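Since chain A is already given, all that's left is putting chain B on it; use the hints.
There are 2 protein chains.
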Amino acid sequence: MSLNYAVVGTGALGGYYGSKLARSGKSVHFLLNSDFEYVKQHGLRIESVQGNFNLNDVQAYRSATEMPKVDVVLVCLKTTNNYLLEELLPPLLHSASLVILIQNGLGVESKLAEQFPNLQIAGGLAFICSNKTAPGHIRHLDLGKLILGSFNLTDLKVLQQVVSDFQDAEVPCQFAEDLYFARWQKLVWNVPFNGLAVVLNSTTDRIMAQEESRRLAQEIMYEIVDGAIACGVNLSHEYADEMLAMTAKMPPYAPSMKLDFDLKRPMEVHAIYSEPINDAASNGFEMKKVAVLEKQLHFYNTKRR
Amino acid sequence: MSLNYAVVGTGALGGYYGSKLARSGKSVHFLLNSDFEYVKQHGLRIESVQGNFNLNDVQAYRSATEMPKVDVVLVCLKTTNNYLLEELLPPLLHSASLVILIQNGLGVESKLAEQFPNLQIAGGLAFICSNKTAPGHIRHLDLGKLILGSFNLTDLKVLQQVVSDFQDAEVPCQFAEDLYFARWQKLVWNVPFNGLAVVLNSTTDRIMAQEESRRLAQEIMYEIVDGAIACGVNLSHEYADEMLAMTAKMPPYAPSMKLDFDLKRPMEVHAIYSEPINDAASNGFEMKKVAVLEKQLHFYNTKRR
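In order, the protein sequence lines correspond to chains A and B.
Read in order, the letters of the first sequence are residues 2 to 306 in this note's numbering.
Read in order, the letters of the second sequence are residues 2 to 306 in this note's numbering.
This is chain A alone, in the form it adopts within the complex (with noise of 0.2 Å):
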């Protein structure tokens, strides 16, 4: 079975991701925005730990209406756009297309589910360090695993494919039998250093290298891991410590939400914190610290509006 594949969302994730695909001969469509004109001429350039690569020849459309329809789309768009699904994935989808959402947080893919009531869904997960820091310029800086997993599929066949169509691209890519777990596992990294570098305005090597703001990063972990748990999903502390350790080995790090705060964007806060929050406050579960860097982090994304 050879699978097609469009990217909606070109940046961070979408163009590494995708880029990787289309190298090992996969064919992928990417939806582009600002940087259409950019990629159209000079093609997806891939600064990566693992070594450069270009893209020539992106198959690249400024709108979904020009798209092919295709067996996979990649939803690889901040949580804060996923209002533009209801646009621009139809044109995108045939009767049996599959529509994976990678991206951070809880609730999007059953938001996603009372859009399309009958479309096949999968979430994904991306363990990386990469930033977009020019139109078609992705640049990867560590890490790099995907896991995929399905959240109504009657059938897997598709998404095996997928992850096997990843694994063929050099991208360690693995089949999560739960994706609400998956989900919160990744929460457990996402929580702390996403919201303590925007109100720490900070890295995350320098909240490592202090005592009082790597505690702080181990509670807030601890916390969560302990909502997940109210939610019926099997983490532990020592996951947490093991996402610290290796945290504190990575290269100096600007997550995600940093990136969109310091260049005036909306952050995650729905996804990333209040869904979570929810989830574990209606299983009994109060997030108390989580709830704090919630809040404060609503407070600076209303702010900057």
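A portion of the hints provided could be inaccurate.
For identical chains, the list gives no copy identity; a pair is met inside one copy or between any two copies.
Here are the simulated DSBU-like cross-link-like pairs (lysine-lysine), alpha carbons at most 30 Å apart as the crow flies [as the list claims (entries may be wrong)]:
#, residue 1, residue 2
1, K250, K304
2, K112, K133
3, K79, K112
Worth flagging that the hints you see were computed from the coordinates, not collected in a lab.
It should be emphasised that the depicted structure is a prediction, and the values quoted were computed from it without experimental measurement.
Below, chain B alone, put in the same frame as chain A:
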């Protein structure tokens, strides 16, 4: 009984309250640091919502060793400078001198009592919006009440005379039966608004104007009340709501910690955050939200050194 006074720390508080006492005819000796030359020449300038005035011919000193022994020492330093008291106080003290720590936070009197085991110590809390805006210039924006209470006094006569002297000087002043209660009561405002002003890079009016940050301030107030209750202090959430309503009516205000932050001075994180957290914890109550703010402020305090 006519008392003479020394003011240690002639800033937003000491400059204001000392000037009011001196203007009412009391003998007040001011210890100054960087403002000494200016104040010696030009006096102290108080711009107050209750009417501006100049205090000329200020009894100003640049060193405690040049000052006379006094009946009452008003310590109006930031708690971060309390390490100076070991050197500053002895020249000012006769055998019956009273030292009043007009400072925020908890634990300051007990630390002083360790250093000066026989000293008569009281504490004071200033409910005032005032800033030092330039050398010798104090701007009094709102409020002004002073609450004084005994820490270890064997006789309350002198302290009651101080209360009376302030009242004669048109400073609303009350004698607190329970200093520990009064200190916790003050924390109900200080903890949320000092810390949030720094971390949100904002002023009271903007924190109050937005729903999420106003709710965060309220939740932190409630947690302080709950911490106080755990410590046997009879506060209530209703008191927190009153403080919140008062804040909504205040003019836009940058709390002292925000000014310290902006001027790159150390912030009073220990007295205002760590000591209450420790007191509550040793009484079995964990102030989780306050602890987030504490660690964030610690990060900024350390980062700037």
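These are the hints, each one checked on the structure:
Only between protomers do K250 and K304 lie at most 30 Å apart by alpha-carbon distance; the minimum there is 21 Å, versus 34 Å within a single protomer. For the homomeric pair K112 and K133, the shortest alpha-carbon distance inside one copy (27 Å) is at most 30 Å, but the shortest distance between copies (53 Å) is not. In the homo-oligomer, the alpha carbons of K79 and K112 lie at most 30 Å apart inside one protomer (14 Å), although the nearest pairing across protomers, at 52 Å, exceeds that limit.
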